[in-house]
Structure formats: C-alpha cells, structure tokens
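Chemist: Chains as they are written, first to last, in the UniProt record's numbering: chain F, 1 to 247; chain H, 1 to 227; chain R, 1 to 682.
No wet-lab data here; the hints were simulated from the structure.
Mixed in with the good hints, there may be bad ones.
Stated by the list, open to error - Distance windows between CB atoms, simulated:
1. H207(F) - T108(H): 44 to 54 Å
2. L181(R) - H207(F): 52 to 62 Å
3. T108(H) - R360(R): 31 to 41 Å
Claimed, not checked - Computed from the model, here is a short list of chain F residues facing chain H with C-beta under 8 Å:
4. S103
5. G171
6. E226
7. P228
8. I243
Virtual Cβ for every residue (Gly too), placed ideally from N, Cα, C.
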Amino acid sequence: MNLTLKIWRQPDASSAGAMHTYELSDVSPDMSFLEMLDVLNEQLNEKGEEPIAFDSDCREGICGTCGLMINGDAHGPEVTTTCQLHMRSFKDGETITIEPWRSDAFPVVKDLIVDRSAFDRIIQQGGYISVNTGSAPEAHSVPVPRDDALRAFNVATCIGCGACVAACPNGSASLFMGAKITHLGELPQGQPERDTRVVNMVAQHDHEGFGGCTNIGACTAACPKEIPLDVISQLNKDLRTAIKHGH
Amino acid sequence: MTGARAARTTIALKLGMAVSGFIFLGFVLAHMYGNLKAFAGQEAFNEYAHHLRELGEPMLPHEGALWIIRLGLILSLVVHVACAVALWRRAARARTTRYVVKKNTGVTRASLMMRWGGVTIFVFLVWHLLNFTIGKVNPQGGATDDPYLLMVDTFEVWWMTVIYLVAMLALGAHLHHGIWSAAQTLGWTGTAAKRQRAKTFGFVVALIVSVGFSLVPLAVLAGIITK
Amino acid sequence: MSHDSHDMDMPDTVTSTEASASGSLDGDYDDAAGYYTPGAPLFDTKAPDVPIAERWQTRKFEARLVNPANRRKLSIIIVGTGLAGASAAATLGEAGYRVKSFCYQDSPRRAHSIAAQGGINAAKNYKEDGDSVHRLFYDTVKGGDYRSRESNVYRLAEVSTNIIDQCVAQGVPFAREYGGLLDNRSFGGVQVSRTFYARGQTGQQLLIGAYQALERQVAAGTVETFTRHEMLELITVDGKARGIVARDMVTGAIETHLADVVVLASGGYGNVFYLSTNAMGCNVTAAWRAHRKGAFMANPCYTQIHPTCIPVSGSHQSKLTLMSESLRNDGRIWVPKNQADCDKDPREIPEEDRDYYLERIYPSFGNLVPRDIASRAAKNVCDEGRGVGPEVDGVRRGVYLDFSAAIERLGKKGITEKYDNLFDMYERITGENPFEVPMRIYPAVHYVMGGLWVDYDLQSTIPGLFVTGEANFSDHGANRLGASALMQGLADGYFVLPHTIRDYLADGPFEEITEDHPAVVEARESVKSRIDHFLSVNGTRSVDSYHRELGNIMWEYCGMERTETGLKKAIDLIRSLKDDFYRNVKVLGSAETLNQSLEKAGRVADFFELGELMCIDALNRRESCGGHFRGESQTEDGEALRHDDEYAYVAAWEWAGEDSIPVLHKEDLVYTAIEMKQRSYK
Chain F
1 MNLTLKIWRQ PDASSAGAMH TYELSDVSPD MSFLEMLDVL NEQLNEKGEE
51 PIAFDSDCRE GICGTCGLMI NGDAHGPEVT TTCQLHMRSF KDGETITIEP
101 WRSDAFPVVK DLIVDRSAFD RIIQQGGYIS VNTGSAPEAH SVPVPRDDAL
151 RAFNVATCIG CGACVAACPN GSASLFMGAK ITHLGELPQG QPERDTRVVN
201 MVAQHDHEGF GGCTNIGACT AACPKEIPLD VISQLNKDLR TAIKHGH
Chain H
1 MTGARAARTT IALKLGMAVS GFIFLGFVLA HMYGNLKAFA GQEAFNEYAH
51 HLRELGEPML PHEGALWIIR LGLILSLVVH VACAVALWRR AARARTTRYV
101 VKKNTGVTRA SLMMRWGGVT IFVFLVWHLL NFTIGKVNPQ GGATDDPYLL
151 MVDTFEVWWM TVIYLVAMLA LGAHLHHGIW SAAQTLGWTG TAAKRQRAKT
201 FGFVVALIVS VGFSLVPLAV LAGIITK
Chain R
1 MSHDSHDMDM PDTVTSTEAS ASGSLDGDYD DAAGYYTPGA PLFDTKAPDV
51 PIAERWQTRK FEARLVNPAN RRKLSIIIVG TGLAGASAAA TLGEAGYRVK
101 SFCYQDSPRR AHSIAAQGGI NAAKNYKEDG DSVHRLFYDT VKGGDYRSRE
151 SNVYRLAEVS TNIIDQCVAQ GVPFAREYGG LLDNRSFGGV QVSRTFYARG
201 QTGQQLLIGA YQALERQVAA GTVETFTRHE MLELITVDGK ARGIVARDMV
251 TGAIETHLAD VVVLASGGYG NVFYLSTNAM GCNVTAAWRA HRKGAFMANP
301 CYTQIHPTCI PVSGSHQSKL TLMSESLRND GRIWVPKNQA DCDKDPREIP
351 EEDRDYYLER IYPSFGNLVP RDIASRAAKN VCDEGRGVGP EVDGVRRGVY
401 LDFSAAIERL GKKGITEKYD NLFDMYERIT GENPFEVPMR IYPAVHYVMG
451 GLWVDYDLQS TIPGLFVTGE ANFSDHGANR LGASALMQGL ADGYFVLPHT
501 IRDYLADGPF EEITEDHPAV VEARESVKSR IDHFLSVNGT RSVDSYHREL
551 GNIMWEYCGM ERTETGLKKA IDLIRSLKDD FYRNVKVLGS AETLNQSLEK
601 AGRVADFFEL GELMCIDALN RRESCGGHFR GESQTEDGEA LRHDDEYAYV
651 AAWEWAGEDS IPVLHKEDLV YTAIEMKQRS YK
C-alpha cells in the first residue's frame, strides 16, 4: 500500500504546531497502525528528520496509552484502540489525517502526545473506595449479586485512553467519570462514599476545563471498550441524589 | 459538607436545562392542542383563546392564570438559555484548537443542532410573539382583534407558512434530542432498554409536535381552514 | 508483567523421588569458565530459623516498629507503578511515610500489570477441594522446578488470602456466582480451583484497584507521583541506597530525588528479546543501574516463553500478542509433513500430509504438554523448515492451531461461547477468520523469573534497596505457574514489603544527604554524560535496528533451547554489536525535550549488558530446568533433565566493572518442607 499521511507536528507544549505531509510506500496491510508509524519514523530517522512522537505502550489494547484522531475518528474507523487498528482498514492510495486528541484539558506535549493527567486528578477526588491495607473484611462477608458485579465489571473495563473526550463535540469527560461512578456505585463497598465521590469528581472535572455533556453520544461510539451511555445517566442520577442529600 | 458545591457543576446546569425543557414540552403540547381547535372553526378557536384569559377566575383576576403561566415560561426560558449559554461557552473553551478533520460517528444530526436549532427557535419565538401576541401584526392588513382571523390571514401568506414550518422542523429536531437528553440528564436511562425507550419517546413526541403544529398552517394554505 | 497463564503445568506423575535425576553428570562441567569469577556463597539471613509455617509470623514480630510520629520524617522512593509498586506506594502512604512514586508512563494506571489476563491465585479453599496454604506453596515450588526459595514461596501462599479480601474491599469486580459469592476456576493445570478472575482482564482490574488506592494517597498528600519520569541511576552513599537520578521525559530535566530507602518495582526485562508480550516501554534500566551499583542479579536466564502467541507477520513487527493458552484445550496443533506444502492453503492439505507433532511425540498429553515443551517443539518444526504463515527473514515461524474438529464436535456456537473474544482478537490482528482457516501460533517471551537478588525481607545486596514484583527473582524459580504473577506483585506490595521495610527504617532518621554530596553529583554527571554520548555519536543506525538485532541473537541462542556453542557465539555477537552501537547509533533531537529515540537508546544500551549476562548465566547452568532447555542436558528421549546435585542454587551475579567479568555467588536452595522431584510428560 502507498499512503499520504498528514500529521500534526508540534515541537513542544509552548510552540505552535502545523500539519505536515509525508508519503509512505510499501505499507503492509498486516501492520498495525502504530507499526506503520514506526516504519515512517525509521525512514525519517534515516533522513535526519526527528521521528514523530506518539504514545503507545502495551500495544494490545488494554493500557490506554495510545490514542490518535485518525481521519476525524478517535482511534480510527474501527471500534478498537489505535494500537489494535490494522492497515487493512485503509485503502491503497488513501490520505490519512492524524491529529492528537484535542482538548484544552489535554494539552499537547509534543507532536501527537497529549497530557492526560487530568484523568488522574479526577480519580484523586474520589474514584476509589477508602480501605487501608490490612483492614479489609473477609471477602465472602459481603455477597454481591452477580448481575451487579457483572455491570460493575463491564464499566470498569474503561482504559482511560481519553477517546471519549477527544470525540465529544463539547470536550466532556462524562463517559470516563460515569464509568467510574457506576463501577463503584454498583458495589456495596462503594456506598458509603457515593455522594461525596460524585460531587468531588464532577467538581474536579469542571475545574480541569472539560466541557459539559449534552448527551450527543459521540463518546460511546468512539469508546474502544464500548462503555455504554447508561453510565452518564447513572452519573447524573448520583449527582442529583447528592444535591438532594445537601452536598 | 460543601454546601452548594453540587449545584455549581455542569451537571446541575444540565439539570436546569432538563427541567425547564420539560416545562416547555408541557407548554408546546398544550399550545398545539389549542391550535388544533382551528379545525373546529372560528368560534371554537376564539372561545379557546378567550378562555385562556379567564382561566382561574374568579379566584384569580382576569388573565391571572395566563400571567402565572407566562411568568413560569419566561423563568424557564431564562434558565434554559442561561444554562445553554454557560454550557456552550464551556464547550468552546474546552476545545480551542479545532480538528482539521472531524467526523461525528454514531451521532444524530439532531443532537449536533441543539444550539443553533435553539437559537433558531428563539428567534422564531420573538417573531411569533410579535406576530400573534405582543405586536399582533396582520400581514394582510386585516383584523388583529380576532385570533382566528389573524391566524388565517397570516398563514394564507405562503412565506409566513414557510417560516413557520421551518421553525417547526427546528422544534421537532430540538425535541427529538432534547427529550431523550433530558431523560438521560435526570438519570432515568440507566439501562440500554430504558435508553432506547427514551429515544423512541423523544422521536415520537417530536414528530407529534412538529406535525401537529404544521397541520393548521398547511390546512390554511390548502384552503381547508378558511375565514 | 504476566498475562494469562493457563500453564498446563507439572502433572503429578513423577519418575524419580530422589533429589537428583537419574542421569547425573558425567564429569565436572564449567561451560562458563573464563566468563565469570567465582565468588563467596550467598545466604539469606532474614528468614527466621523456625518451622516454615511460623517464619513469616515470627519475622513480622521481630521486624522493628516505627513510631507513627516518626514516619512522616522518613521518605521512600518507589520506582514503578504496576501491581507491586502501586500497592506498596499506597500502603506505605497510608502508614504515614513520605512516598515518591515514579513511572515512565503518563499515568500510574498504565503499568504493564494491566495486560495480565488470566487470574490470581489464592489459597482461600472456597471450593473445599483440598486447597490450603501448604498446597499452594507446594504447587508453586514444584511449578518453579525446585529453583525458588521455599521461605519466600511459603509466605506468598500464606498472604495470598489477604490479597483477595483487600481487593474485594477496594471494589475489584471479580467474577461471582449466582449466590453473590466469588467464583473460582482451575488454572494452570492444577487440580484445585483457586484462581480468582475478572473475565480475561484480571490484571487490569487489580491494577486499577491499586492505582485508585495510590491516587487516594496522592489526594491525602502522603504520596507524590512523578509520571513520565524514568529512573536512570541509583544513588548510593556509603554503600546504602539513598535516592535516584531520574529524567523528566517531557522537559528532559535531570532530577535528583533523595530518600531514606529506594524500592524497585520496575517489572521484567523480557524486551531484551525485542519481540515479547511486554509493553513497548518495559525495560531493565532501573534494575540494571542498581545492579551496576552493587545489587546482585539472580538467575537472569530464567525466561518464560509462552507457546500460544500470534506469530510475527513481518519485519515491521513491534510486539507480540498473547492468546489464552486455554485454546490448546480444543485446538489441535500441526504443521505439514512436507516442506512443499507450507505455503498451501491449509484446508487443502489432506489429513495424511499433516503432522500433529505434539500428539505424535507426547501421546498421553498431546496438545496439552507444558508451555516449555510446546514452545520448543514448535521451534523445532519451524527450524526444520516446516513452519507456516508469512516468511519473515527467510523462515516461516508459525504452526497451525486447528479448531475444525472442535467446531465439528461443539458446533460454531459452542466454540463462540468458549473462546469468542479470542477468536475476535485473532481476526482483528491477522485478518483471518479462525472459524474458516486454522489459527497460526508461535511462542513468545512472556515473563522473566530472573531478577535482582533479594533476601527474605525483599532487600537486595545494597542496604536500603528493596526489590518487589517481577523485578526480583524470588518466588517463581525456573518457571512461573499461571495466575501467580499477580499474586506475587500484590503480596509483595500490600503485605510483605510494608512489614520488612520498617525494620530497615527503624534505624532512621538517617544522615541528611544534600544534592551536592559527591556521590550524588557523580551519579547525576554520569547520567548526563551518557545522554550526551548518545546524542553526539551521530552514526548511521537507529536504536530500534540495534534492538531488533540484539533480540534476534537472544531469541536464537538464549531462547527456548540453549547450547554451549550457541551461547558462546551469542556472547561474542552481543559484545561486538554493543561496540558498534556505541560508535554508530543515530539519535536525533535534543536532550531538553521529549525524545523517544533517546529514551530507547538508554534502555537498549542496558539490554546489551543484561543480554550478555543472561547468556553467561545460561552457559553456566548446564541443566534443563523449568522453562528453559539446555541441549546438553536431556534424557535419552530428548526430554529436559535437571541436575539437582549440581545446580540446586540461585546464581547471583555481581557486577565487577565495565571491563571485568561478573562474579558468581551461589545461594544454595535448601528444602525443608518439600521434597525435590523430577517431572515427566511422556
């Protein structure tokens, strides 16, 4: 395959960036998208041009490190992570536009790399159950209905990649937050902190500069783990309950 | 306790939009019902319009109930618009560098039209009030003290009907996404089935409202409703 | 870190109950003579001399306490935020120490523990099927082919039950039964059901639990996180670990971080093979820098190779993906009998021209032989030229894993229910539908059992340097059992280290060190000059090309099967490649910004030195044991042959300097609670 790649390049957070065009030939359809970029980087290095910086780590779709806006879709045309996207999803001769996640809460660090530490700070505000090591009761002392545990698991599969924010026309992180709120809210262990959790996490979300949700649903369509919109409903409900409880 | 911390979040803004939106929904449904009285003839229609002013009498003064409703609607409008503007501004600040290429995969057109659609509806609302309520302008220069005649005169002018129909299209789209969105914001759609139901409900109600409102002007234009 | 680990391990049939195998050595071999200097024997002095079941309780009691008021004055650096690192950071933060946590990823949540699929073992005996602490201990030692330290393994089994309690309380959504209680499955061929799991994403769920506990401490102000920071040097003062030099990978700033104690939880070094199931960033630098400062590296050649990975599709391949080994329960493994058939459509190769080689060679275990045997057999048939799939560098490296018989038996629906996500994953990566065309698989490096030597307290040979998780060597011997890596990471971080580290910290407060201390300055300057060197070479080859070549050497000569001649050749090749690297590498960009080539250059430089030591260790260990096979040590019918009389020791290597050969210290493995046995699969 031969491709034309239009890629955002930006030397660092404070410099201006621009789209650059590269031609790449002999791309194998069996390559992953990131391996295709590896090959391009190898060629750039050869020519004395600094390779394109992009994030990736596990390259098996679970760590959540990678994430590119590919032809206007977060993680590209398939429902998966960028690292699990393969070149057979593209056509020979195609022009591919590659951009970093665009969100003011995710500032660009370099080229295609963004800073997603805002997600960590949201978790710090309550995305946990407070239990010190060693103080846990016997695991079987609290049964959890199987369906609740299953739902908690399904939404806990969020990998924190940020595709929801990248895809959202409002730049909201509601799907990310909702997934955590629902995960912990489904379990009996998560109940004591339920009100404070949602209020503090949403407050931090707003403070980070993410937009508000208008229930468009671009997030769930982009989510490589297919986290459903239900979690945003749950998030809203928990916040409404917290208001009722005087928080 | 953080006092009103929860009430200052973006989700609280959305709750404001959802509640005020539902108030509007109740209003447009009632309004549409009233409009359809046009098919029952001049007398029934004018009777209805007149009755609105007498609602609640003698407990309330003349036009008392009407004004309470109007104030409620004005308040809802203020809340709805204020929240929308706040969320709009937030969204604009949340992404100051735009994508070169951006698709909206898996997204309905209606959901992306909420803001400009809302503006369209607002502009129409002003126009509409000038036309029928505050200004009472008869484009054919006829009577303005008879609601039925004013209506028929208005919709006999084709471009007035077109404006009206465009507005109803915008309203339909707004409700199509807005109703399900409000249900989601209120936390009523916690499962896939409930979500689907809310979306279907939103679509059906939007269809009823836009078609219901459009029937009367179309009927006038087609000569079914006449003076 | 680990992945799914359906290790069809160790059947209970044993051929010999003696400590030594039947085929003892014909003479005294010292294959590695000339490559190392013999050193003094090594002992673990921390495990109390009491019966094994009482050792941990005794040690916990004997370990001195630190007054809560003093904890605030004591600082701890933890490198790595996987299960071992994040759990330790959270626990020590809760205890009130000042903790600094470092990771190279952009968030602690991305450490490679997250990729572990299968599950976590714990001796809860919820199934009442005869499990116990002792049985988990026994299975783990036996699984490790009697090359792990029994005290550590027993403790691991003992605290395993606390892990489950802790994780459930944190909200880890383990699979449950209809009654609401936790579900267990049997895993890795063991006969009890002791594996707790969260579908195929157990590692993810456990790591997120630990990550959330860590972030809670960040909010509480006890832990400070340094993401996108890479440890590049260990600071030792008067022989004690007192801090690290780290590079801020965004700004390029070389930072000095001082503390009273340093914990390395930096994971494994499988990426020395270039292609592995590890994440792209997994590296040995933190551990290797500590090794160069005096921490012994133990059993570096112990590598686990997983037989069911998706094969390499071309020279562009950057990493390998594991598929659950459970696939071997229903799939039949074969290659064509004739080389000429290798590029044919497999569906057109008639039954009589197929070689179901595992079923042929191991009729009783067939496709379910242990990992190492399955892996080696696959390599052998491919080396014979009977591999299938795309030709990469002139060789087809892949064998068929054929489900057609199972599909006929169970129906497409039955297979879908059992393996759905795996079939999807395979199709996404290869573009082939395994319902129609047989899957292709090939072994890949997956986990390393070797690592920095630690005593019972998890302290290395450098006082004040503790090592946890995959980065240390202690618990898995020569082969890791499925679902045990997660157990070890969390056991170390939540329940072991917090107790043992306090005994060391009880000596505090320690002497104040400043950034201008000569040892600190020296460490910082050495980091800077190394970076300057990489950027100034301006040669012709990229870092990746060197890494790939090193990986090929390691895979070829220090992979599944090793021989004396191969290993010696590998050492020569590595040495000359390393020379060339320092003279001819091309790293563009500057040190003052994010520079991924520069990051990789430092890591690959350390992989060269590690790779050489791995080969020397493999050369010295003239026995087939656990996950690895020495060509010179096999039974008459070609099976692995262990030599307990010669090699029942931990090989702990000491760095002797840039131009010197390493020093070998042996820690004899003494089993008091278990008897050594030889395994057989025929």
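Chemist: Hints the structure violates: just list their numbers, smallest first.
Modeler: Numbers 1, 2, 3 and 6, in rising order.
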